[in-house]
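J.: Chain by chain, the residues run as shown.
Protein chains: 2
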Amino acid sequence: MTITTTANEAVRARSTPKAEATRRRIYDAALEMFRDKGFEQTTMRDIARQAGVALGAAYYYFDSKDAIVLAFYQENEESGHQPTLDAIAQEKKLRDRIRVVMERRFELLEPNLKFLGALFKHSPDATDPLSPFSDETRPIRERAIELFRVATSDADVKVPADLVPHLPRLLWLYQLSLILFWIYDRSEEKKGTMLLMEKSLALVVNLIRLSGLPLMRPVRRTVLELLEVVAA
Amino acid sequence: MTITTTANEAVRARSTPKAEATRRRIYDAALEMFRDKGFEQTTMRDIARQAGVALGAAYYYFDSKDAIVLAFYQENEESGHQPTLDAIAQEKKLRDRIRVVMERRFELLEPNLKFLGALFKHSPDATDPLSPFSDETRPIRERAIELFRVATSDADVKVPADLVPHLPRLLWLYQLSLILFWIYDRSEEKKGTMLLMEKSLALVVNLIRLSGLPLMRPVRRTVLELLEVVAA
DNA sequence: TTATAATCTTGAACATGTTCGCAATATCTT
DNA sequence: AAGATATTGCGAACATGTTCAAGATTATAA
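Protein chains in written order, with our numbering: chain A, 8 to 239; chain B, 8 to 239.
I should point out that these hints are in silico values taken from the structure, not numbers from a laboratory. Treat the numbers as computed from the prediction; the structure is a model and nothing was measured. A few of these clues could be false.
Identical chains blur together in the list; that is why a pair holds if it fits in one copy or across any two.
What the hints assert, rightly or not - With a straight-line cut-off of 20 angstroms between C-alpha atoms, the simulated DMTMM-like cross-links for lysine to aspartate or glutamate are:
1. Lys197 with Glu235
2. Lys72 with Glu47
3. Lys206 with Glu85
4. Lys198 with Glu235
5. Lys165 with Glu47
6. Lys121 with Asp73
7. Lys206 with Glu235
Produce the complete structure using the sequences and hints provided.
T.: In structure tokens form, the structure reads like this:
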């Protein structure tokens, strides 16, 4: 799997196997130390030393410390995509299909929990390249949303037509908030998050069901209008 | 109005008028430069120079650069509290009562929009002292929530009894997300945020209304269960 | 093969938030 | 008032993310 960061075009353009190996060494060293000591506690000098290169070399391959995390984010999304699609296909009920997407994500992220906070620290700031809402992370984001598009297609719950195009993005947002909760969840074995997921999942699927009722028409309309505003 | 940061007990304990004046000079210099050039662009050295003190003095009065913003946040909450209570009392309809709380907040924050991002940068991390969810900001947070408790009392909409204790906190959360949107809103005159507020307000009030329906009983119960989990 | 250009590597230097030991000053005690 | 104590104030030093000019290495062209 090739790791391509959005920046450092120069490096991406050509790249000898040797260069690729150096990049890899830096990347691996960084992730190992992030996992071990956490993001803040790991210094760019530490990473360079561990990888056996000079400080400058680390910056030759990665625009910033954050960019290393971004590369991880990207690799993570890529490596989990197809397996998750397969897992979705195993399930028939909407609730299970959504859950499976969430669970896969948690599994992939779990070993890296220690430094994931770094990714979400800037999350509200869409101008920050590392934000899940930024232009830079758009491709990754769209890939993740795609999973929910698949999960909500051909499931056992009928989704109102006008909601169909928006639902995947909403579910992705929902997943994001669960991940956020999970990162800061101090409960044993992350029981809190798992409980929250089960209960909220029930709620979400229920809401999707109810949203089809005539009574809910005006509410649904308002929600859709809201989405228009936010998307703009 | 006395500015008391949570930290620096030593300074808070005693504090001669002279010390208070110095603190004030630093605080004022900082806010002026934050407003003028933004948070990131203003250096602690800049602030110290502008205030006519040494770098160390700034750190004697404020634990960190962020802490200055926290002090602002606190003062902001304090100065707006009573006026907002009065404004609420002028309104009868729930929607108007909630809106008035939001509007007041926006008015207060508006001149400082340029550096507010600094406050919300850390927002998802409840372990960060500056996060709106941290222990350190609890007093400020509770004051803000209090406004919504008042706004939802004696309004024209009947709130289901089991929802009453939670609703103010939920509305505060709702306000927080609107503020977040507002900070990054690039539209002319913040039209986007204002539109979003109107539409979402309608939705929120509608949901509160609907939540009383028998049909909604299970949904409401799930939501309440969710709140239990999150609060723990 | 040799000269030239592209790529990779280096470590010093920089900016800035923060810490810290010490100096100056104010306050208190007797 | 004099000494002791507490406070306020100082700026050098530190840590760390980042930049940069220059050197080393590798690929390309002649």
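J.: Evaluate each hint against the coordinates.
T.: Evaluated hints:
1. Lys197 with Glu235: between (35 angstroms within a copy, 16 angstroms between copies)
2. Lys72 with Glu47: For Lys72 and Glu47, both the intra-copy (10 angstroms) and inter-copy (18 angstroms) Cα distances are at most 20 angstroms.
3. Lys206 with Glu85: neither (29 angstroms within a copy, 37 angstroms between copies)
4. Lys198 with Glu235: between (36 angstroms within a copy, 13 angstroms between copies)
5. Lys165 with Glu47: neither (46 angstroms within a copy, 48 angstroms between copies)
6. Lys121 with Asp73: within (14 angstroms within a copy, 24 angstroms between copies)
7. Lys206 with Glu235: For Lys206 and Glu235, only the inter-copy Cα distance (11 angstroms) is at most 20 angstroms; the intra-copy one is 28 angstroms.
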